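Visitor: Each chain, written out:
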Amino acid sequence: NAGVMQNPRHLVRRRGQEARLRCSPMKGHSHVYWYRQLPEEGLKFMVYLQKENIIDESGMPKERFSAEFPKEGPSILRIQQVVRGDSAAYFCASSPWTDTQYFGPGTRLTVL
Amino acid sequence: GENVEQHPSTLSVQEGDSAVIKCTYSDSASNYFPWYKQELGKRPQLIIDIRSNVGEKKDQRIAVTLNKTAKHFSLHITETQPEDSAVYFCAASSGPINTGNQFYFGTGTSLTVIP
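Top to bottom, those sequences are chains A and B. All letters in the first sequence, in the order written, are residues 68 to 179 by the working numbering. All letters in the second sequence, in the order written, are residues 9 to 123 by the working numbering.
Please keep in mind that the hints were generated in silico from the structure rather than gathered at the bench. The reader is advised that the hints may include incorrect statements.
[Said to hold, decoys possible] For lysine to aspartate or glutamate, the following EDC-like pairs were computed, each having C-alpha atoms within a straight-line distance of at most 20 angstroms:
(1) B:K30 / A:E107
(2) B:K30 / B:E87
(3) B:K76 / B:D35
(4) A:K111 / B:D35
(5) A:K111 / B:E47
(6) A:K111 / B:E10
(7) A:K138 / A:D123
All figures in this text were calculated on a predicted structure; none of them were measured in a lab.
All chains, please: the whole structure from these sequences, using the hints.
Guide: Here it is in structure tokens:
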């Protein structure tokens, strides 16, 4: 049973471009969470999704950021018109019907 | 919302000694408290967790204690080894058991075990 997968592992974008981060949950997991981690800081919750539904997006900036978890395929975190302050590691986590979350390896976004 | 504070931010111990990391939380509705270990450049990995109906849980050299009245929980690592060196994060979560909920993380403790 493969763990949580994320791609790409590293992403470099210039200011104003779009960033798309993908997360494939563990098999059998229907809950996906996205967190952002700035250098030498903790993990900040962004959004919680189930298949085709956004359950809680209270941690996600109102502008430029969006997330989806379609019926088929991975969950996508999309950042439009990236700025330097978006540079961070973005982790997704998945859980089955319990509340234990398992993290993916993260995507390290660098905005030039 | 929930606020989780974690102390200390850095901790150095001699190999073989014990390490203790403490977290406090603000929301009395929180009922699930996981601990994660994150090595440099790696993903956070769950090492132990505890639910609010239990006061203590142990797994080999790692133990977690929970004081619901005081709203604090602690991670105890005994007989530390160099491979225990990492950043440790506590978290708190509320909501019905067996459902998804966001985690509120502490700011992390960087543990260094000196050989």
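Visitor: Next, verify each hint and record whether it holds.
Guide: Going through the hints against the structure:
Only pairs whose Cα atoms come within 20 angstroms are accepted, and B:K30 paired with A:E107 is accepted, the gap being roughly 18 angstroms. With a CA separation close to 18 angstroms, the supplied pair B:K30 and B:E87 stays within the 20 angstroms bound. Of the pairs offered as hints, the one joining B:K76 and B:D35 holds, with about 10 angstroms between alpha carbons and a cut-off of 20 angstroms not exceeded. At roughly 17 angstroms between alpha-carbon atoms, A:K111 and B:D35 fall within 20 angstroms of each other, so this suggested pair holds.
Straight-line distance between C-alpha atoms of A:K111 and B:E47 comes to about 18 angstroms, which keeps the hinted pair within the 20 angstroms bound. Between the alpha carbons of A:K111 and B:E10 the distance comes to roughly 12 angstroms, so the proposed pair stays at or under 20 angstroms and holds. Restraint check for A:K138 and A:D123: the C-alpha separation of about 18 angstroms stays at or below 20 angstroms, so the hint holds.
Of the hints listed earlier, there is not a single one the structure fails to meet.
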